[in-house]
Amino acid sequence: DGGITQSPKYLFRKEGQNVTLSCEQNLNHDAMYWYRQDPGQGLRLIYYSQIVNDFQKGDIAEGYSVSREKKESFPLTVTSAQKNPTAFYLCASGTHSGNTIYFGEGSWLTVV
Amino acid sequence: ILNVEQSPQSLHVQEGDSTNFTCSFPSSNFYALHWYRWETAKSPEALFVMTLNGDEKKKGRISATLNTKEGYSYLYIKGSQPEDSATYLCAFIVDNFNKFYFGSGTKLNVKP
Numbered sequence: 052d053g054g055i056t057q058s059p060k061y062l063f064r065k066e067g068q069n070v071t072l073s074c075e076q077n078l079n080h081d082a083m084y085w086y087r088q089d090p091g092q093g094l095r096l097i098y099y100s101q102i103v104n105d106f107q108k109g110d111i112a113e114g115y116s117v118s119r120e121k122k123e124s125f126p127l128t129v130t131s132a133q134k135n136p137t138a139f140y141l142c143a144s145g146t147h148s149g150n151t152i153y154f155g156e157g158s159w160l161t162v163v
Numbered sequence: 036i037l038n039v040e041q042s043p044q045s046l047h048v049q050e051g052d053s054t055n056f057t058c059s060f061p062s063s064n065f066y067a068l069h070w071y072r073w074e075t076a077k078s079p080e081a082l083f084v085m086t087l088n089g090d091e092k093k094k095g096r097i098s099a100t101l102n103t104k105e106g107y108s109y110l111y112i113k114g115s116q117p118e119d120s121a122t123y124l125c126a127f128i129v130d131n132f133n134k135f136y137f138g139s140g141t142k143l144n145v146k147p
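So the protein lines, in turn, are chains H and R.
Counting from 52, one number per residue, gives the positions in the first sequence under the working numbering.
Counting from 36, one number per residue, gives the positions in the second sequence under the working numbering.
The shape of chain H in the complex, shown without the other chains:
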């Protein structure tokens, strides 16, 4: 089936550890995105990539890093520099020109 796969769905980490969230898509989309959601807030853009080997910071990129070595994959690393990493993370992909984007099912990260 075509779609976006995020893993893991639930992740617990100790404070100070880096953690990487996986996002894979088989929709042949050029653009991929990472969003974060906190309670009562909308989805906020962390990073986005419009093409392989290129990515841009979103509105809340501090404490996060990404790579886009393959079209299908856009992993997000939550570093120890991120002050409040506990959140729900959504990955998405889409074609260019503002067309519909497609979402994964999300990853819950809890840092203790």
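Incorrect hints may have been included.
Partner residues aside, some chain R positions facing chain H, computed with beta carbon under 8 Å [claimed, not checked]:
#, residue
1, Ser-78
2, Met-85
3, Lys-134
4, Phe-135
5, Phe-137
6, Gly-140
7, Lys-142
Since the hints were made in silico from the structure, they are not lab data.
Even glycine gets a Cβ: it sits at the ideal position worked out from N, Cα and C.
Starting from the known structure of chain H, arrange chain R on it as the hints suggest.
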């Protein structure tokens, strides 16, 4: 960071009631407005992509209108059903840079 506001934050209606929600966005640099439906434990799914002032879109009992000059979009659900229960997100897309700015959503609960 652009401000996209949705109201109300939550809504409880009886089966058969008709309802509507609002998405407000900046009236400058408009490229597109999207509506997504997000059921619990699932991925958000696209409902409508709206690009022109005065656009009206319809899918079954759900319809949406767009006013880009004053910066708002309405989503209407006619004769709500329990299966309509979900969070409805709107996303404002700026120019053609594929940056989606999401509202915090309207959570609809339809009681049988």
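Status of each hint after checking the structure:
1. Ser-78: holds (4 Å)
2. Met-85: violated (10 Å)
3. Lys-134: holds (6 Å)
4. Phe-135: holds (7 Å)
5. Phe-137: holds (4 Å)
6. Gly-140: At 7 Å from the nearest chain H Cβ, R:Gly-140 passes the 8 Å test, so the hint holds.
7. Lys-142: violated (11 Å)
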